[in-house]
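Given two chains presented individually in distinct reference frames, assemble the corresponding complex, making use of the accompanying hints.
Residue numbers (this note's numbering), protein chains in the order written: chain A, 3 to 448; chain B, 5 to 315.
Note that these hints are calculated values from the structure, not bench results. Here the structure is a predicted model, which is why all the values come from computation and not from measurement. Mixed in with the good hints, there may be bad ones.
[Said to hold, decoys possible] Counterexamples of contact, computed for chain A against chain B with all Cβ distances above 10 angstroms:
1) F28
2) A45
3) T126
4) V218
5) S222
6) A251
7) L301
8) L319
9) I345
10) G413
11) Y433
[Claimed, not checked] With a Cα cut of at most 35 angstroms, we get these calculated DSBU-like pairs of lysine-lysine:
12) K225(B) <-> K12(B)
13) K156(B) <-> K224(A)
14) K133(B) <-> K176(B)
15) K110(B) <-> K94(B)
16) K115(B) <-> K21(A)
17) K110(B) <-> K224(A)
18) K110(B) <-> K33(B)
19) K156(B) <-> K11(A)
20) K120(A) <-> K21(A)
21) K91(B) <-> K133(B)
22) K224(A) <-> K225(B)
23) K5(A) <-> K224(B)
24) K26(B) <-> K444(A)
25) K73(B) <-> K444(A)
26) K185(B) <-> K224(B)
27) K33(B) <-> K258(B)
28) K435(A) <-> K225(B)
29) K94(B) <-> K11(A)
30) K33(B) <-> K436(A)
31) K444(A) <-> K224(A)
32) K176(B) <-> K115(B)
33) K132(B) <-> K12(B)
34) K118(B) <-> K436(A)
35) K435(A) <-> K94(B)
36) K436(A) <-> K11(A)
37) K447(A) <-> K91(B)
38) K21(A) <-> K12(B)
39) K110(B) <-> K132(B)
40) K239(B) <-> K219(B)
Cβ coordinates follow ideal geometry from the N, Cα and C atoms, glycine included.
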Amino acid sequence: MNKLLLIIKREYLAKVRNKSFVIMTFLSPVLMVGMVVLIAYLAKINDNEQRVIGILNESDYFSNEFVITENTSFINFTDLTLETAKDSAAQLGFYGLLYIPDEISLEKVCQRSFLYTKDAPSTTVTDKIEGVFQQRLRQQRLLDLGLSSSDFETVDTDFDINTATFQGETNIKGITEIKAFIGGGFGYLIMMFIIIYGGFVMRSVIEEKTSRIIEVIISSVKPFQLMLGKIIGTSLAGITQFAIWLVSASILLFVVFAFFDIDPSALSAGNQIQAGMGSNMTPTVPTVDQTMQVYAQELFNIPWVMLITFFLIYFLLGYLIYSSIYAAIGAAVDNETDTQQFIFPIIMPLMLAIYVGFFSVFSNPHGPIAVGFSLFPLTSPIVMMMRLPGGIGEGGVPLWELVTSILLLFGTFIGIVWLAAKIYRVGILMYGKKPTYKELFKWLKY
Amino acid sequence: MNNILVAKEVTKRYGDHIALNKVSLEIPKNSIYGLLGPNGAGKTTLIRIINQITYPDQGEVFFDGQPLKSSHIAQIGYLPEERGLYKSMKVGEQALYLAQLKGLEKAEAKKRLKYWFERLEIGDWWNKKIQELSKGMAQKIQFIVTILHEPKLLIFDEPFSGFDPINANIIKDEILNLKEKGTSIIFSTHRMESVEELCEHIALIHRSEKVLDGKLSEIKKAYKNNIFNVGLVTKNGDMILKELADKFNISSSKFDAEENQLNFTLQLPNNDSSGVLAYLSTKANVNHFVETIPSTSEIFIRTVQNKGFHE
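Isolated chain B, as found in the complex (with noise of 0.2 angstroms):
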């Protein structure tokens, strides 16, 4: 079994309002999984269903190749979007309540929460009340307890949101060593641009479907153009545009005199760019030759309006 998770034809409504429909999925294991898609999309939807905190009216999940079933709880770990800890409780005592009640005996929960703390430097907060703390300090007690019961597959809701840069950056760097240690982790969020170098796998959703998925890699690869960034170090660019724009299609050209700097985009008919480069060569020195990959959200945009939605 190389999937951790599976999703066959998942639908859930909500009265008239259909919130997935037929979303499937497969999940693979010790790998990053981004769920991207607009707010509404349906991504939570499909976390609480993982979860188990609403269940599909139609189709079936699958955990680690069985049946999701409510002893799954205690391998998944959840940071949900809405995340908060009880104002009023003393930080160690409310780690200590949520780890056991997610099935950890308390001497190991406190053991490990020891431990936790230490890493994160937050070992002198255990008395503290978390309405005496900020929200960057909650949120790495919430960190601490979405991944102390050591699950199989982690779920990050909207993850980076609330955090200060350095405190992401922490985060961020435990999540990769998590991955490292055979976690699975899930990723889910509206802003694209915040998980693209993490994820090796994604999911497009869009109005409750699912509109893309695979390797990212993969897909990147097949949504490139062949457009290129060209630089060039010539006297006379204004020249060798002019050759060039009958030969080529080129855009967005520049031609700055005093730094002898002459920068266009180019747009290739196929993907051979060797016989280009070779030939621009000829004509100047060329500085850089960069094939533009599309990010994540041009994509998206674009697998949307292939797929025949309109804003």
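One chain only, chain A, in its complex shape (with noise of 0.2 angstroms):
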């Protein structure tokens, strides 16, 4: 049988019978359902805190505006001094005590207006009480320019714009932030598998540096195939562990998608919208009842076939530079606790990518911010994942981009799998070294 072959084999084995790689298998999805219940539950109980705020209101402009809601409750002093307010809000236990002054104006009113708290006020309270006073304020104003109070209603109405694309598409609102979090996914699962398979490699070197059998070994075979074999190994168990998660993932989905009452069959059907409207070219507001089904329509419509022929593309490229940097880092050491200073660097691009596509490509998927990251090899992978959700092409990431990235993303795939190798070949026959930046760069020219 092929040494690589029998090497990967290995490698796949010895991580796939890993204890703790299997427990971490079945583990993390309940683990992962349960945070987010757990992260909504204890929201729920910060905000079931029943409040009671006193309120001593000395003017007229203000009567009843205060409204009582679900956790927080008003109730009104009145004929009292100001100490003897706050003092009987504080023994009655009540949150606070909300002082509004008598002046000449509302502006007066609210500029001298207070609210003592037993310690440093939520932002939930402070929010709520701002809103009730620049409602006033607003209300006076109107009232002010000679408008009455039933206008009030009519001046406040909320407006959505209707867009559509010079085709006549419609573009459904959010949608363009939908199609981000999907790049945005593509992005982070990136990152995510980098992250934690690449420290497999790095382990698992570290752990044939201690247990001394690497001479053994690479008697037999190249030190290059054993750290090829050593990456593509724990990465098919990584892609094994992906696909668990994948197949409980996509039942959770189903699950919700029955749960919401959508049907996946009418997904291909629903075409026509699409259709009827590119002829006609006028745009038609969707009814409510469509919406749900027009969001899974523009789901459907996102070009998943081109999406992950290049998540793989970027994926694979992306993880072999990683990883192979990794196997590096784990050849010159002699255990974890040294690895720290090596590792810092390789996250940062990571997390430069992710924050870079969070905050730039969201906003302006072809700014110039995003189509540098989406160009430079060690943040590609994951920028630009985040901007292909919008297709290729026009209005998408334009052609050339998209090649120039993929071929800078090889070239320094060969790069640094060559300059890994080096470090890598030298390293795991070197003990009791702490080795430095330069000592690694000595390296290269062994």
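Have a look at this one:
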């Protein structure tokens, strides 16, 4: 049997049979769901706190604007001085006391109002109270401008603009964000995979060093074969893990679809919505009951095949680049504690890519920052994936950018793997040395 | 072709450091060859070059008459100084893996492993994990894995370090057995006395250079300096000693009057010992008259000093 295959097989089995790996595979989805539930639950408890706020109102401008809500109730104090009101509020265990003094104008009243609380007030509370004041000020100013109070409703109308492309396709609100999130999801997946399985590769190299088996093995195979076998074997194990997660996620998604009553089979038939619009060029506003179906339709229309193809390309190249760096680091050190100084510089471009992606690519997928980072090989796998759901060519990523980005990535892949293999080859036979960057540079010339 | 391995002017540099400086060696077939020298002399670098783990900057290596190439790996068995096994892998599975990496077919490897496991009485370890075994036990498995593919050349770097005396003897016997069957063997060690009685040829490596090599018996002959340990049985040792001291170069003498035993060391100007022995017999009963052969480490120290190295 081919030696590389032997190594891949061993690395794969060693990883897949590992107890903690098995546990993580089956526990992670449970943990993830558990985390979400826990966060939602905790947020709910936090908001569940019942607050009572006393109001000492001496002004005529406010009467009963403070509405009792689920968590907050208001109690009016009358005929008390501020000091006694504060004392009583404190003694009654109230959350706070809102003091509204009597002044000649509403502006003055607002300026001199005070909220006294036991501890610093939460923003939920201040937002609520400020909202009431703002609303009151607004009404007063409208009154001053000669509007009657019955006109207020008319003034306060929400408005959402309808949008469509030149081709007449309706853009549903939020779909750009959803697309960006799908791209972001792919990018995030790449990052997580690199960090988790790159780390596995590194630890596996360190294990071979500390168990002193490395020289036995490389007297039979080339160091490069061992490194490559290790990277491939570990990533196959990772893909197995991801596949298991994907299957469980699909089942979950199916449950969610059933729950929201979306008919998956209707999605392919729903193409007529788009086709009809293309012909008469007059976008119509979708009705509310259509909306859910339209979103699903839009998701269905994302070029998944293209997206997944490029995901595989970027994933493969990006992962190979980073995991060979991880392998080189593992070879350079004697134990895991020494890896810190080398890990940070690898994580940094990954983090940068994610942040740039979420802050810059989402708002402007074709801006100079987005383009730059989607060409730069250490960030391109993540950033380009965030841009790609918009399509290739017109309205999406220009073809030349995609091609350049992949070529640059491929070139970097060759270069990095070559360098990493050199460091690996020297490093695996070095014991007891705590390597510096200078040392690593010297190894390249051995 | 009588040499299994020939190195010609092999030089290896690591940055500014020269690990091997024009080292030439000839390792005869079917013999035990000692590669001796202190730690850091360059032995391991040379062995790694033979195993094609690293490559020489200059010079050539020939294996069995051909320039060294990657297919030769299957004909070399190497037990490195830094040796170990995957801790969490099962013994049998691991041995199979390593054997297959050396190019053995799975079925054949399994058959041979069964044989060796029986031979070294470790048959019931097959399904144990390495971490459950003692260090000595792991060494036995390591030895089996090294020799399993029946290589023409076996290289042991610091062969007996980490072995307890019983296991060391078992392994030593197995190595001698393999030599009988035609395998060539290289021992590399800084503990020269540990392999002295096994080696037929040696090379001394010091500070990246070969300082001496050849047949051990010839080297020893060349390094003899006519020193004899003598023991006489006599009642008047002091008198005899005085007489002898006039004629010969005598040192470290000791007379035990109760046992009537006189011991001393005698340095002769030449190789002619028979005349001296005859003369001594006229004085007293000789109970021993032994030429001292220098040990390998003595030879090493003398060579290094002669060559002008200073510690």
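Right, here's what the structure says about each hint:
no.	hint	in the structure
1	F28	20 angstroms, holds
2	A45	42 angstroms, holds
3	T126	53 angstroms, holds
4	V218	6 angstroms, violated
5	S222	4 angstroms, violated
6	A251	31 angstroms, holds
7	L301	44 angstroms, holds
8	L319	29 angstroms, holds
9	I345	24 angstroms, holds
10	G413	27 angstroms, holds
11	Y433	7 angstroms, violated
12	K225(B) <-> K12(B)	27 angstroms, holds
13	K156(B) <-> K224(A)	21 angstroms, holds
14	K133(B) <-> K176(B)	26 angstroms, holds
15	K110(B) <-> K94(B)	16 angstroms, holds
16	K115(B) <-> K21(A)	31 angstroms, holds
17	K110(B) <-> K224(A)	21 angstroms, holds
18	K110(B) <-> K33(B)	29 angstroms, holds
19	K156(B) <-> K11(A)	29 angstroms, holds
20	K120(A) <-> K21(A)	52 angstroms, violated
21	K91(B) <-> K133(B)	7 angstroms, holds
22	K224(A) <-> K225(B)	44 angstroms, violated
23	K5(A) <-> K224(B)	46 angstroms, violated
24	K26(B) <-> K444(A)	23 angstroms, holds
25	K73(B) <-> K444(A)	27 angstroms, holds
26	K185(B) <-> K224(B)	27 angstroms, holds
27	K33(B) <-> K258(B)	47 angstroms, violated
28	K435(A) <-> K225(B)	43 angstroms, violated
29	K94(B) <-> K11(A)	15 angstroms, holds
30	K33(B) <-> K436(A)	41 angstroms, violated
31	K444(A) <-> K224(A)	21 angstroms, holds
32	K176(B) <-> K115(B)	23 angstroms, holds
33	K132(B) <-> K12(B)	45 angstroms, violated
34	K118(B) <-> K436(A)	42 angstroms, violated
35	K435(A) <-> K94(B)	31 angstroms, holds
36	K436(A) <-> K11(A)	32 angstroms, holds
37	K447(A) <-> K91(B)	33 angstroms, holds
38	K21(A) <-> K12(B)	51 angstroms, violated
39	K110(B) <-> K132(B)	20 angstroms, holds
40	K239(B) <-> K219(B)	44 angstroms, violated
Hints 4, 5, 11, 20, 22, 23, 27, 28, 30, 33, 34, 38 and 40 from the earlier list are contradicted by this structure; the remaining hints agree with it.
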